[in-house]
Amino acid sequence: GENVEQHPSTLSVQEGDSAVIKCTYSDSASNYFPWYKQELGKRPQLIIDIRSNVGEKKDQRIAVTLNKTAKHFSLHITETQPEDSAVYFCAARGPNSGYALNFGKGTSLLVTP
Amino acid sequence: GAVVSQHPSWVICKSGTSVKIECRSLDFQATTMFWYRQFPKQSLMLMATSNEGSKATYEQGVEKDKFLINHASLTLSTLTVTSAHPEDSSFYICSAITDRGVAQPQHFGDGTRLSIL
Chain H
8 GENVEQHPST LSVQEGDSAV IKCTYSDSAS NYFPWYKQEL GKRPQLIIDI
58 RSNVGEKKDQ RIAVTLNKTA KHFSLHITET QPEDSAVYFC AARGPNSGYA
108 LNFGKGTSLL VTP
Chain X
7 GAVVSQHPSW VICKSGTSVK IECRSLDFQA TTMFWYRQFP KQSLMLMATS
57 NEGSKATYEQ GVEKDKFLIN HASLTLSTLT VTSAHPEDSS FYICSAITDR
107 GVAQPQHFGD GTRLSIL
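Listed in order, the protein sequences are those of chains H and X.
Counting in my numbering, the first sequence runs from 8 upward without gaps.
Counting in my numbering, the second sequence runs from 7 upward without gaps.
Calculated directly from the structure, the hints in this document are not laboratory data.
Please note that the accuracy of each hint is not assured.
[To be verified] Think about it this way: if two alpha-carbon atoms lie no more than 27 Å apart in a straight line, the pair counts; the simulated BS3-like pairs of lysine-lysine are: (1) H:Lys44 - H:Lys78; (2) H:Lys112 - H:Lys29; (3) X:Lys20 - H:Lys49; (4) H:Lys64 - H:Lys44; (5) H:Lys29 - H:Lys64; (6) X:Lys61 - X:Lys26; (7) X:Lys47 - H:Lys44; (8) H:Lys65 - H:Lys112; (9) H:Lys29 - H:Lys49; (10) H:Lys75 - H:Lys44; (11) H:Lys112 - X:Lys72; (12) H:Lys49 - X:Lys47; (13) X:Lys47 - X:Lys70; (14) X:Lys70 - X:Lys20; (15) X:Lys47 - H:Lys29; (16) H:Lys49 - H:Lys112; (17) H:Lys44 - H:Lys29; (18) H:Lys49 - H:Lys65; (19) X:Lys47 - X:Lys72; (20) X:Lys47 - X:Lys20; (21) H:Lys112 - X:Lys47; (22) H:Lys112 - X:Lys70; (23) X:Lys26 - H:Lys49; (24) H:Lys78 - H:Lys64; (25) X:Lys72 - H:Lys49; (26) H:Lys78 - H:Lys65; (27) H:Lys75 - H:Lys29.
[Unchecked claim] Sample of chain X residues with no beta-carbon within 10 Å of chain H, all distances over it, derived: (28) Ser24; (29) Asp33; (30) Gly59; (31) Ala78; (32) Thr88; (33) Ser121; (34) Ile122.
Think of the CB as a built atom: it goes at the ideal place given N, C-alpha and C, for glycine as much as any other residue.
All chains should be modelled from the sequences, with the hints used to inform the complete structure.
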């Protein structure tokens, strides 16, 4: 089945700096790659997603890039703020996974003022 | 739009009891619902995929007789943890999609925190 690897597991940046989280996936048939932000005890919140026919997508301070050939995708957060502190999960989904999301292990992001 | 309601949000019960968790899509028809389990400081692990009107597909290592899933309508799926024990304590989250053939976002419920004493 699909295997999603996520790095780093923890990331600490200063307010205003950029943060980058990277994920790789194993199933070349995967065609949908969302990123979720999860605060303690709450549901995962979709922050951005990208489909396999697109290489890059941006939404204000958040961007995602996808390299289908290398089977990796990355989340970029610019001008980080303390409220960006949370756990971020990448995921991959495709027909071979029954359209269920396969999650990475998560990255705990801490933005210090 | 695309709201998924999960109930209850918190359950504390004695070992050996059964607990039912409901997952409802409030403003859309969910062709497929998914059940995940999340232990503290860990990722979401898929337990099973549930399609309306058919038997759930369980992931390897998940006991189907212990975690009963019913998806009787396009807006409701239930997960029953039978004869729950302390090791079943976890955060259970459901999600739903409207169309399996298209890369649509997955909509998550708020989760149920289950604590077995």
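Here is what the structure says about each hint:
At most 27 Å may separate the alpha-carbon atoms for a hinted pair to count; Lys44 of chain H and Lys78 of chain H meet this at roughly 22 Å. A distance of roughly 11 Å separates the Cα atoms of Lys112 of chain H and Lys29 of chain H; the hinted pair therefore holds under the 27 Å criterion. Between Lys20 of chain X and Lys49 of chain H the alpha-carbon distance is near 24 Å, which keeps this suggested pair within the 27 Å criterion. Under the criterion of a C-alpha separation no larger than 27 Å, the hint pairing Lys64 of chain H with Lys44 of chain H is consistent with the structure, at around 17 Å.
With a CA separation close to 15 Å, the supplied pair Lys29 of chain H and Lys64 of chain H stays within the 27 Å bound. Between Lys61 of chain X and Lys26 of chain X, the direct Cα distance comes to roughly 17 Å. Compliance with the 27 Å bound is thereby established for this hinted pair. Among the hinted pairs, Lys47 of chain X with Lys44 of chain H is consistent with the structure: their alpha-carbon atoms are about 14 Å apart, no more than 27 Å. Between Lys65 of chain H and Lys112 of chain H, the direct Cα distance comes to roughly 23 Å. Compliance with the 27 Å bound is thereby established for this hinted pair.
Restraint check for Lys29 of chain H and Lys49 of chain H: satisfied, since their Cα atoms lie roughly 23 Å apart, inside the 27 Å limit. Our distance criterion of 27 Å between C-alpha atoms is met by Lys75 of chain H and Lys44 of chain H, whose separation comes to about 23 Å. A threshold of 27 Å between alpha carbons decides the hint, and for Lys112 of chain H with Lys72 of chain X the separation of about 25 Å falls inside it, so the pair holds. Restraint check: the Cα-Cα separation between Lys49 of chain H and Lys47 of chain X comes to about 12 Å, which is no more than 27 Å; the hinted pair holds.
Restraint check for Lys47 of chain X and Lys70 of chain X: satisfied, since their Cα atoms lie roughly 25 Å apart, inside the 27 Å limit. Our distance criterion of 27 Å between C-alpha atoms is met by Lys70 of chain X and Lys20 of chain X, whose separation comes to about 21 Å. For the proposed pair Lys47 of chain X and Lys29 of chain H, the alpha carbon gap of about 19 Å is at most 27 Å, so the pair holds. Between Lys49 of chain H and Lys112 of chain H the alpha-carbon distance is near 17 Å, which keeps this suggested pair within the 27 Å criterion.
A distance of roughly 14 Å separates the Cα atoms of Lys44 of chain H and Lys29 of chain H; the hinted pair therefore holds under the 27 Å criterion. A distance of roughly 25 Å separates the Cα atoms of Lys49 of chain H and Lys65 of chain H; the hinted pair therefore holds under the 27 Å criterion. With a C-alpha separation of about 24 Å, the suggested pairing of Lys47 of chain X with Lys72 of chain X holds against the 27 Å cut-off. For the given pair, Lys47 of chain X sits about 24 Å from Lys20 of chain X by alpha-carbon distance, which is consistent with the 27 Å threshold.
Pair hint Lys112 of chain H plus Lys47 of chain X holds up; C-alpha atoms about 9 Å apart against a cutoff of 27 Å. Of the supplied pair hints, the one linking Lys112 of chain H and Lys70 of chain X holds, its CA atoms being roughly 25 Å apart against a limit of 27 Å. Under the criterion of a C-alpha separation no larger than 27 Å, the hint pairing Lys26 of chain X with Lys49 of chain H is consistent with the structure, at around 20 Å. For the given pair, Lys78 of chain H sits about 16 Å from Lys64 of chain H by alpha-carbon distance, which is consistent with the 27 Å threshold.
Taken as a hint, the Lys72 of chain X and Lys49 of chain H pair is honoured in the structure, with Cα atoms around 25 Å apart against an allowance of 27 Å. For the hint linking Lys78 of chain H to Lys65 of chain H, the alpha-carbon distance of about 19 Å falls within 27 Å, and the restraint holds. A hinted pair counts as satisfied when its Cα atoms are at most 27 Å apart, and Lys75 of chain H with Lys29 of chain H qualifies at roughly 14 Å. Here Ser24 of chain X stays apart from chain H, with its beta-carbon at least about 24 Å from theirs, past the 10 Å limit.
With a closest Cβ-Cβ approach of about 16 Å to chain H, Asp33 of chain X is found to remain outside the 10 Å limit, as its non-interface label requires. No beta-carbon of chain H comes within 10 Å of the beta-carbon of Gly59 of chain X; the shortest separation is about 16 Å. Under the 10 Å C-beta cut-off, the non-interface status given to Ala78 of chain X relative to chain H holds; the minimum distance is some 20 Å. With a least beta-carbon separation of about 23 Å from chain H, Thr88 of chain X lies farther than 10 Å from that chain, consistent with its non-interface assignment.
No Cβ of chain H approaches the Cβ of Ser121 of chain X within 10 Å, the least distance being about 13 Å, so the stated non-interface status holds. Taking the minimum C-beta to C-beta distance to chain H, about 18 Å, the non-interface status of Ile122 of chain X holds against the 10 Å cut.
Violated hints are absent here; each numbered hint is respected by the structure.
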